[in-house]
Structure formats: C-alpha cells, structure tokens
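Could you slot chains B, C and D onto chain A? The hints should help.
Each chain is listed here by its residues.
There are 4 protein chains.
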Amino acid sequence: MKIGFIGLGKMGLGIAGHLLAGGHELHVWNRSAPPARELGERGARVARTPVELADAEFIMTMLANDEAVRAVLLDQGLLEAARPGCIHINLATVSIALTRELAQLHAQRRIGYVAAPVFGRPDVAAAGKLNVVAAAERQTLERARAALEAVGQKVWLVGEQPEKASAVKIAGNFMIAAAIETMGEAVALTRSHGVGADEFLQVMTNTLFAAPVYKGYGSMISEQRYEPAGFPAPLALKDIRLALAAADERNVPLPFASVLRDGLLEIIATGGAHKDWSALAALAARRGGLDGH
Amino acid sequence: MKIGFIGLGKMGLGIAGHLLAGGHELHVWNRSAPPARELGERGARVARTPVELADAEFIMTMLANDEAVRAVLLDQGLLEAARPGCIHINLATVSIALTRELAQLHAQRRIGYVAAPVFGRPDVAAAGKLNVVAAAERQTLERARAALEAVGQKVWLVGEQPEKASAVKIAGNFMIAAAIETMGEAVALTRSHGVGADEFLQVMTNTLFAAPVYKGYGSMISEQRYEPAGFPAPLALKDIRLALAAADERNVPLPFASVLRDGLLEIIATGGAHKDWSALAALAARRGGLDGH
Amino acid sequence: MKIGFIGLGKMGLGIAGHLLAGGHELHVWNRSAPPARELGERGARVARTPVELADAEFIMTMLANDEAVRAVLLDQGLLEAARPGCIHINLATVSIALTRELAQLHAQRRIGYVAAPVFGRPDVAAAGKLNVVAAAERQTLERARAALEAVGQKVWLVGEQPEKASAVKIAGNFMIAAAIETMGEAVALTRSHGVGADEFLQVMTNTLFAAPVYKGYGSMISEQRYEPAGFPAPLALKDIRLALAAADERNVPLPFASVLRDGLLEIIATGGAHKDWSALAALAARRGGLDGH
Amino acid sequence: MKIGFIGLGKMGLGIAGHLLAGGHELHVWNRSAPPARELGERGARVARTPVELADAEFIMTMLANDEAVRAVLLDQGLLEAARPGCIHINLATVSIALTRELAQLHAQRRIGYVAAPVFGRPDVAAAGKLNVVAAAERQTLERARAALEAVGQKVWLVGEQPEKASAVKIAGNFMIAAAIETMGEAVALTRSHGVGADEFLQVMTNTLFAAPVYKGYGSMISEQRYEPAGFPAPLALKDIRLALAAADERNVPLPFASVLRDGLLEIIATGGAHKDWSALAALAARRGGLDGH
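As you go down the protein sequences, you meet chains A, B, C and D in turn. The opening residue of the first sequence carries number 1 in this note's numbering; numbering runs sequentially from there. The opening residue of the second sequence carries number 1 in this note's numbering; numbering runs sequentially from there. The opening residue of the third sequence carries number 1 in this note's numbering; numbering runs sequentially from there. The opening residue of the fourth sequence carries number 1 in this note's numbering; numbering runs sequentially from there.
Any given hint could turn out to be false.
Stated by the list, open to error - Pairwise CB distance ranges (calculated):
#	chain 1	residue 1	chain 2	residue 2	range
1	D	25	B	110	55 to 63 Å
2	A	138	B	215	25 to 33 Å
3	C	97	A	71	15 to 23 Å
4	A	245	B	154	42 to 50 Å
Said to hold, decoys possible - Mimicking EDC-like on lysine to aspartate or glutamate, the simulated pairs with C-alpha atoms at most 16 Å apart in a straight line are:
#	chain 1	residue 1	chain 2	residue 2
5	B	238	D	249
6	C	238	A	249
7	D	238	B	248
8	C	238	A	248
It is worth saying that the hints were derived from the structure and are not from the lab. Computed from a prediction, not measured in an experiment: that's the story for all the values here. Ideal Cβ placement from N, Cα and C applies to all residues, glycine included.
Isolated chain A (complex conformation) (with noise of 0.2 Å):
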C-alpha cells in the first residue's frame, strides 16, 4: 500500500516508523529536513514538496493544528493535485469547524476525507499500540480500513460524519486534562494533611482509579517530573480551546474546561509554557503554598 505521509514532528514519526516497519511503502514529508532524512534512511522516499504524494493511494497528516493543515492542504495545494479517488486520513486533532469545511472540500474534489485522530504518546505510536478514533462516509472506511489498522493497535469507528471523530477525540483529551487537575487538587489537599503524594496516589491508582491515565499522569505527579514536556502546555491549551469551542456551537457549558483554560493559561503566563500539561498539578500545589511562593 503507498502512502503519502505529511507531518514528522514526535506523533507523526513514530506512527510512519511503524508503518515502515510494517512493510508500507512510504512516501514522507515534512516542513524541517531532518525528520525526513532520518526516516529516508530507514527506507522512506523523501519528497521535496507536499504535492509530490499527491498521487498516493492514502495521504496521512498528522500536523500540529488548524493552521498547519490549511498551509499544507490548501494554500501549497496538496488537495488540489490530490488525484480523485484517494483518501486523505487526518491523524491529528483539529477543530470541529476545519473537519467540517474538510470533508465538504474533499467530497467536492471526490477525495475520500477520514478524520482519525488517535489516542497515545510517541513511543505507544511507535510501537503500533495506538488507539484511532475514525469517523467517514461508509465506503471511505472501508476502502481505508487496512490503512488505518496498520496505524495502530485498535480502530473505533463513531460514525460517518467525520466530525464525530474529532468530537470523541476533543472530548477525550478534555478528560485527561481533567484527570490531571483532579489529581492536583486531591494531592494538594492530602499534602496538606501530610500525606504525600505517592502514598497517595499509590491507593487510588491501584484500586479504583487502576487506569493508564491516572497511572502515567500519577507517577509524574509523585515525582514532580514535569520537563521534558511530552505534552506542552500550549498544545494542552490548544486541545481545551477545541473543547470551549466545539461545545459553544452548540451552547454546551463546561465548567471544568473553563477551570483547565484558567489554569493552563496561569501556567504559560508565568513561564511555564515548556511545562508538560501535568503541570497543573504543581499549579494546584503553588496555589495552596505548599511548594513555596
């Protein structure tokens, strides 16, 4: 299967090394060089411009938002020279409101549109271990099937309108965020009580809250590890902004999304916009002057 692959930053890497891996023949671009030539010498053909893959069975984007897709997409003209036929599969979250005009660009130039986002950080794309949410028109999916099971472990179909991709897609990364804060605020108040962090975390992870989320999230809590940023805060704030947004369309209220918007907005405001987005639990923490001021 030839797959054109756009968008080499830590996600889209590890995702196109396992499907070199898995014997695809690759297709790669990306905005900086190196990312490329690191996966030409693994076997990848390195294009010099986006429009170069337009003649791929599959083009795949993992691009960092809104923004980037449109530059590639539609102002270097990537769907234009896209032939007719082809399926553009979208790995990266972007708003509700771009997936929408997408799919709508795509079906009037007959190019098959799949909004599937994934679940997962770059050593899990990796390793083939991602969980991909994909929502397209019924004969899009199935043509693209093959393709998006070789992205990842598992493929959850929500529907045929791909927006409801990127909904479940903003939707869960709102609730890690708030699993994030929610484990801020109880440490902080157990802290303050004199019972650290890790003992803490230790029972509720274990027990009730036995989950991958609170798991990961929990030990970086306990260690206070919050750089090198596997998730920024900046692109955190990006994801709760999709979620202000795609729920204000439709006169949604969130209140502990505008709490999470309030706290990653303090921690980017205050020099922290290195930080990973578990960093709202130093912020809990600050807040209640348990680490210093």
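Coordinates of chains B, C and D only, in the frame set by chain A:
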C-alpha cells in the same frame, strides 16, 4: 475475635455480614431495629444499647456522619464505658476535625483509635472486597491488623495520625465526583455533536480510562440511570464539603471541588435529592439543553 | 459636517437621530430598508449601497459584529471606495483582532480609523448622553474630535492604538455582566433567607453601589423583568467571548468571565435566547430552586 | 441614654467615639486595655469585665467573629447577667446560624436582640456616616430606634427576624468582594493590551460604575496599594465563608463566591495574609503574568 459493630446502614450491613460469614463473634447495635434483627437471624448477638458493646475487643462503627458518631460515642456514653485497651475502628468517612478530636479523646481514655474509611459500594462490602485505608498509632495498628484485614481485601496503611486516613478517603471521594463530572461534561459535548454517550464512553473506558470508577459510573451515565441512588447527592455533597473544609483549614484552593459543590447543591435544590451523585452528568446535559428544559 | 452613517439597529438609530437633530448632514444606509426610511423622513439622505457614502468626510458605522463589519467594509467595497483623507469612526464593539486588522487596512489606504465604542442604551444614545471611548492616531483623533463630541456627552481618549478603545469597551461590558451576576447571586442568597430582592437591592444601590449599572439592572432583577430584552443574552455572550479572546491572546485568565460564559450559554441552551442578559439573575435563582424548577 | 459598648477594634472605636461625641453615657469594655483607656480619656467609663455592663439600657457589641461573641455573651456570662428588658444591639457581621441561636437565647431571657450590622470603614464610623442594616422583633426595634440612629447616618430596616439583617450584610460584603475581583480581572485584561489601570478605571468609575465601592477600591487597585490593609484578606475570607454557609443552608449555589473563596485562600497561602482584600486584583494580574512571577 469479639467485635462490637454499630451502624447497619447499607454499607455497615454488608461489612457486618461479611464478618459474620468469616466466623467472627459479632455483637451489633443499630438505631433502628430491623437491620439488627436481620443480622441476629444470621448469628449475631443483638444489643439494646451501644454501651452493651463496651467490653468488646474491637468496636467497629459505620455511622452516617459526624453528628451520628458524636451521638453514639459521646452522648450515649460508649466511649466512657469502653474498657481500656479495646480498639475503636471507625470505618466511616468523617471530618478531619472530628478525627483529630476523637484521636485525642480516645488517647485520654487509653482506647485505641483507628481511622479506617473504606472504598467500595455495599455489594463490594458484602463480598469482602473493600479497600480499607487505615491510619493509627503504630502499636494500635498492629493489634488491629487482623480485624482490618477481616473487613476488606486490602488494607492501605497511610501513617500514624488517624486524620491522614480521613484525608485520603475524603480526597478519594472528591476524585470520584470529579470523574463523574468530567464524564458528564465530555458526554454533553460529544452528544451535542451527534455521538451517543455509550459510543463515546466505550472508547474511553476501554482504553485510557479503563478503571472501575469510569466503567461503573460510565454505564450509569450511558443509561441515564440515576435512581435508585447507590450514593445519593446529599451524601456526596457532605463529602465534598468535607474536602473543602479539609483544604480550607490549610488554605488550599480546590476549584474543581467548588464546581462539584455548586452542581450538587443545584441537583438538590431542583428536586434531585433522591438521585445518585452521578446525576451530575444529567445536570451537565440539562445545562446544555440536551434533555429538554 | 457631512457624515455617512451605516447600521441602523436600535443603537445606530438612536445615535443617527441625535446627529440629525444636531443639524448634521447625514447620509444613511442600512441592510434592511425601514429604519433608513424612518430617518429619511426626519431629513437624512438614504443611500442605496454603502459605497454611495464613500465621499463623506466621516463614515460612522454601528454594525452588530465582526462579520457585519467585514461584509460592509471589505466585501461590499466601502473601504476601497472611500476617498483618502476621510475618517472611519467605528462605534461598535468589535474584537481586538479585527480592530488591529482594520487599523492596518485603513492606514494602507490613507483613511483614518477611530475605534470609538460607546457605553449606553438606545434611549441614552437618542438623548446624546453616551460615553464614547476613543483611540486613534493623534492627528486623526484631532480631526475627528468634533464628530465624536457630536455623538455623545463625553469622549474618553485612551490612546493612539485603536485596539485600546476596544479593550476598554470589552472590559467594561464584562464588568456590567459581572455586576449583574453578582446581584443575581446576592439576591438568591438573601431571598433564600426571606429578604425580598427589592428590599435588599434598595439598601445596596442607595449606598455602596449607588451607580447607574446597579440601579438600572437592579430594578430589572427586583421586578424579574427580563423581557423584552434591552441587550439579549446572545449579544452579551458575544461580548464575553470577546473578553475571553482578548485575554486569551495575552495569556490572562478571567475566572469570573468563564462563569459568565457558562451562565449565558445555559440561558440560551434552555430557551432564553430572547431574554435580556440580566436573566443571569433568574438563572442564579433557578439554580437555587427559588422559582420552581 | 446609657449604653454599654463592647469590642473596641478599629470599627468599634470609631462607633463608640461617635456615640461619646453625641453626648451619650458610654460604659466600655475591651479585651485589651489600651483602646478602652483611650475612650476613658474622652469621657467613657471603663469597665473591668463585660458583666459590669449588664445593667445598661442598651448593650452594643462589635466583636470580631462568632467565637468572640460566644466568649463574651455566653462564656463570660454577660447574657445571663443582663437585666430583663435591656436590648442587645449586635453591630458585627456574624453567621446566620449564630444569629438565629442568639435570637432564641435572648428571647428566653426576655432581652431584646437586634442584629444591626453596619456598612462602612472605620473613618466612616467615626464620622457617624455608617449605614446600619437592622432586623428585630417590632417592639424591640421601636425601642432601639434612637440608639440605632445614633450609630450611623441611616438605618435600613429589613424585617423582624434578626437573621435577615445578617443575610443582607453577608450578601453585601460578597458584592464588594465581587466588585474588587471584577475590577481586578478587567484591569488585567486592559493592562495586557496596553491601557493603564488608572486610565481604564477613570472611565468606568466616572460613568456606569460611579459608586463609592468602585471609586474607593478602584483607586487602591490603580495604585497597587494593598498595604496596610483596611480589611485584611483573612477577614474577607471569613465573610465569604459566611456567604457560602448561608447559601449552603438553603441549597443555593454561588459560583462567584466560590471563585472569591479560592482567590482569598491563595492570597493567604502565598504570603499575603496581611494584605487588604483588594489584593484580589494583584492576584488577577499575577495569574496573567503581568507583574513578574
């Protein structure tokens, strides 16, 4: 081991039944007679007053709130009557202030005090699968160990000051309420974009959030099954108030807890006092106009 | 002074009428014909397209939102047609981002741009009693001074960058919304203890809070008079969004604004889109179960 | 009129001095001697114990909090010693629960009880310009009228149940705190876009918000003058807690009050317990990274 057991609400009944089944000599008292009679038929000795239990080796209490504990221990004279050397194991969630006060009163009378709140619902209690969080002075804890292990599947020791166990339990209940609110908001968001609650929660609770709390409350939310209440909103409000009071005492802000408090107050104020605390999710949907208004 | 005036909603009509009464030569255009006809009967010249106003000395616009401004100025070509040297006075509340963009576009075409949002309701506008907050490059401002003074009772100059006037106006509207919510919560609290809204607000608005905002909205809250709307909830939501966006751009958290956003969303989601923003007080009462549910 | 006056903190001293200047016979007691001595030099009779004031026609108290009121009235026996027919006028802000309890205890002993909390700062008190909010059983109120009028410039009667006056005062203090937070957030927003605090607040406090609260606290915010504290953060936190408790008792959510509570806790937790409650504005700026971090 001779155990005096006071407080046969749903939770108390489950625990006491499990102890009986384990072959322990159980003397029980309850404010209303029927649950005591039920246990009597299963082999427990039924006392007419709390004071009759004063000569037990262990006195376990599972009372609804601070007031009920005061009533039995102080007003009805159990603490005064208890023989020096016996150990009081308090299985309920009470305030940190009361825990501190009780620890002192027990010490003055040379009676051991173990704060040992439990995580789990009545059916879990009856099956002996509770998680017990315990804190007490070291020697007391050693002597109480077997009794604690008879109560649940695992005992988590969190220190020598009883209030530490209270802090852990209070923070844990806050975490559960926050998980419910989080799912409620996330489901309101995805539903507003056409993704069903079950469809969304299946993805989340089988991947990053594959934990008992999310699976259990997630299915209640999917099915909009908020009655009959496993844990009614007013009890949840009591626990969130305990969290806010515990944090307040140490000047620790808890923004999520404040949102939860407001939500539970609204549920109760608008006719939902009989509903389970998972009705926080119904409130999130109602605020977004999703289920009529 | 020849003035082109665009946008004859309630506010625009009030201002334009006052200018006419002041003897100014007024050329008007509005998307829908009736308000323009009404002014025509009072002496204004009615234009058929915005571009017909392109040769006025001053072009004043009072349009509903960013989109309407873009439509008239850019899509319908008014900016392109305007004669160099004329001055555009934007009386409406628009986003900071658009203000910045317009300032640049006008400068490129050598047209003056004054951001001059106003505080006051339609009746205040008609009486010439508005407060005008203005910012523009110094020379432009000097030339526009008389025109600005013709609009209201006082002109507040807040700097040379037009966005500063937008920031002041946006922050001011946030303050009004916060004052309404504050009264709403305070009244819910006192009512729940048997003190009538009017009884309470009489004390406050005649002493520490003896200000127009509190007196005006206070009487609406006392009388539960939320319809017909002077300023409907969706417009208020638009302004709170502008505040959040302006703050977001600079990483400034606004916790009160987030509460207001959630409240306005809920009002709109639950059938109150036609109500005045002071219905935030009705929501506060409803949440506390005070007016049935 | 013979008045016993207890509690000579800044506010009490101001009021007592004004009563003395008005020619009333004043017997005073205070926990610490110096303020009592000061008044003694101005003509007051200084008592050695509260009970010495028991035969006064009116006993006025201005004590710091619920605990201080209990200490003087109950523990030190003033209530028991007071002669039937005398009237106790409580000028301080105390909880609704205590107000209700005191009303009952006084009634049992045939002593009149007037809840008469006041609005105004010490200098206002000394000038006799306070606003007095009073509630008491009708006959008591009639008899107390002259004494109340001697205290301030205006007496606002709000009903027969003393707790109504407490509710009004508590809700009023919440409104002041909310006004401070509102200005703090608005100023953070405008400052982040280059508009100075003073420049912005001049516009607002001379137009829509031309009220004493906004002018007074507005100038403190403009000048970042949070010390010495007129009303320190811990006292403000006490009052916000009273508001939350009063609302909680009736199941009324107060989202703004929760934000204020969290902010005041943070100020205190991070070294600002000595600052004025207007330091909420400094916190809003700090969260947005405006004053270093």
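Right, here's what the structure says about each hint:
In this structure, residue 25 of chain D and residue 110 of chain B meet the distance hint of 55 to 63 Å, their C-beta atoms being roughly 57 Å apart. A beta carbon spacing of about 30 Å between residue 138 of chain A and residue 215 of chain B agrees with the range 25 to 33 Å that was offered as a hint. Roughly 19 Å separates the CB atoms of residue 97 of chain C and residue 71 of chain A, a value that falls within the hinted 15 to 23 Å. In this structure the hint that residue 245 of chain A and residue 154 of chain B lie 42 to 50 Å apart at CB holds, the actual value being about 44 Å.
About 12 Å separates the Cα atoms of residue 238 of chain B and residue 249 of chain D, which keeps this hinted pair within 16 Å; it holds. Restraint check for residue 238 of chain C and residue 249 of chain A: satisfied, since their Cα atoms lie roughly 12 Å apart, inside the 16 Å limit. A C-alpha spacing of about 11 Å is found between residue 238 of chain D and residue 248 of chain B, which places the hinted pair at or below 16 Å, so the restraint holds. About 11 Å separates the Cα atoms of residue 238 of chain C and residue 248 of chain A, which keeps this hinted pair within 16 Å; it holds.
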